[in-house]
Amino acid sequence: MTDKLIDVENLTLQFKTDEGLVTAVDDVSFHVAPGEVLGLVGESGSGKSVTAKSLMKLNPGNAVYGDDSKITLHADGNAVNIFDLKSDEEMKLIRGGAISLIFQEPMASFAPAITIGDQMVEQLVLHKNISEKEAKDISIEMLERVGISDAPTRFGQFSFELSGGMRQRAMIAMALSTRPKLLIADEPTTALDVTIQAQVIELMKDLVKEFGMGIIFITHDLGVIAQTADRVAVMYLGKLVEQGPVRDVIRDPVHPYTQGLLNALPKLEDLNAPLTPVPGDIPSPLERPNGCVFHTRCDRAEPRCSEAVPQQMQYVENHVGACFVTAEQRGAT
Amino acid sequence: MSDSPLISARDLSVHFKLRGGPFSKNQFLKAVEGITVDIPKGSFFGLVGESGSGKTTLGRAFLKAVPISRGEVHYADGEVEYDLQAMSKPELAEYRKRAQLIFQDPYAALSPRMTVRDIIAEPLEVMKLTSSREETDERVREIAAKCRLNLEHLRRFPHAFSGGQRQRISIARALVSSPRFIVADESVAALDVSIQADILNLLKSLQDELGLTFLFISHDLSVVAHTCDHVAVMYLGRLVETAPTRDLFDAPRHPYTKALLSAIPSLDPDHVSKAQKLEGEIPSPTNPPPGCKFHTRCPFATEICKTTEPKLEHSGHEHDVACHHWQEID
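Protein chains in written order, with the numbering used here: chain A, 64 to 396; chain B, 1100 to 1429.
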């Protein structure tokens, strides 16, 4: 694929802690095309959030990136390696400009003592070099666009005066008002009720169509992924274990971890199906297993799985996975 | 189920007084209003609804952990019978042994300064259920084994455990006093999917083994569908529909239940939802709409819905629904 918006290559990220270097992301590569939704799935501690934050270099000071890590942003005909941008001034073009971020908890993402409107105007003026009057017009238009009724009134209100669903809509309006090339949505619907979640998902789908931006949609909910993403990347303990088109990954997963996740999920279509948990617990990042990171919980593990790290293999076109056992069975190359 | 109910509530209401300002009169938040429901003995009874629907408050009312404003709750397990409104102190103490709660967040529910053994043993000591330390230890070990906890874990502190293990510790603490009735309030909501299935299976097997009755409160309908045999759906403090799980999921009758079911994201990427998506959000319980509480978001609402509140009526075998129009929209 030549058409790439962001290209992440060999991203490795470690954190310096009192207990030593902790690996959070280990040799992860993926890309997002314009207008494409990439779902990033994984359980807590799998490294999905820190991966996304790396794209904006938002990880804390004790983060150490690997030497051959490369994140290239293609925007307006230019290619920029994000790790070459050193000063905060240069990063401003990326943070909130080319890339916007929506957080999980909309209550915590707005400053409580500043009106919604002032916060939207502030970031627009900062990024777009426009007057406050223009910024206000754009903001109100965006609030209307995300389905907030009586937008001029809401513009002057504080975040605590809005309900949960409305706050998340306002968050989306704010993130999109600068017309970013890439939107990172970190569990944007997890804190919402299902009926509100359905509304927000619908809204995000419409906006992708309209604005043609790329989205990285981070979630632990495979149902949400099935309904929103074009492609899926599955992470476990900092490793990308499987990546492919959403239909392939959900209907015919190749990695035992993805298969386990799908079996553990209660399905409404078949109420008699037993729930099969993935045995054991996620190991602490301080005690990362050798070899394949999943072998401690894998029912198909062989001796070689604890000795060598499986490489990404191609199963069918665009569908890759990192597992010795299934690669051999299915003749992946 | 022909069993007599373990818990039966009649017209149960829980109102909280909100402090008004100097010029406004006191308002009441009607968290739970006029609920009549039976929880059969030995059932896994699901209670679903969005946040603010009053499901947690109802669960606490059954445990006598919030004051009941109106109506009655009866508890009868074959050995004792209580009217929760008129219990003496010794009766309440006995009821506390028989009815227990498992919390949502296993990270917040366990004291970081107590060992796992002390956490599980605390109810025994507080309720004076055991007479010697040996007896306490014996009981703690027994229940820990039932909850699949490693016995050598008992000497450690909670911070050493993962979410799934912590939830097993919480379950062991709830079960140590040999209760008959357990309220599990969003007990798997904070867990990862791969661990969630493990805890659900554990709760089910403990129910079989110990003959427990569960009230399982959850916002996750697919979890409820897989674990519960009965489901009640709440909206703004009211019960809108109650039925055996299969009936409810195969043939939901209330428009809110239908909308709730259709809002669950399907695992099939090509699935196109035909059902109506709900507009708007749940109204504030301090200022609920008149008539049917759901009419502000209901696509089938007519004039009568705006003025008259529908009563829960039989619509089939054990299937009750509170809607003026359920027969027309079915």
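Certain hints may be false.
Straight-line Cα separation of at most 25 Å, DSS-like style, residue types lysine-lysine; simulated pairs [as the list claims (entries may be wrong)]: (1) B:Lys1376 <-> A:Lys272; (2) B:Lys1357 <-> A:Lys330; (3) B:Lys1376 <-> B:Lys1303; (4) B:Lys1245 <-> B:Lys1405; (5) B:Lys1245 <-> B:Lys1188; (6) A:Lys330 <-> B:Lys1376.
Hint data in this document are derived by calculation from the structure and do not stem from the laboratory.
Checked hints:
Our distance criterion of 25 Å between C-alpha atoms is met by B:Lys1376 and A:Lys272, whose separation comes to about 20 Å. Of the supplied pair hints, the one linking B:Lys1357 and A:Lys330 holds, its CA atoms being roughly 17 Å apart against a limit of 25 Å. Annotation: proposed proximity of B:Lys1376 to B:Lys1303 is violated, straight-line Cα distance about 33 Å (limit 25 Å). Taking the CA atoms of B:Lys1245 and B:Lys1405, the gap is near 52 Å; set against the 25 Å cutoff, the hint is violated.
At most 25 Å may separate the alpha-carbon atoms for a hinted pair to count; B:Lys1245 and B:Lys1188 exceed this at roughly 31 Å. At most 25 Å may separate the alpha-carbon atoms for a hinted pair to count; A:Lys330 and B:Lys1376 meet this at roughly 20 Å.
The structure shown violates the earlier hints numbered 3, 4, 5.
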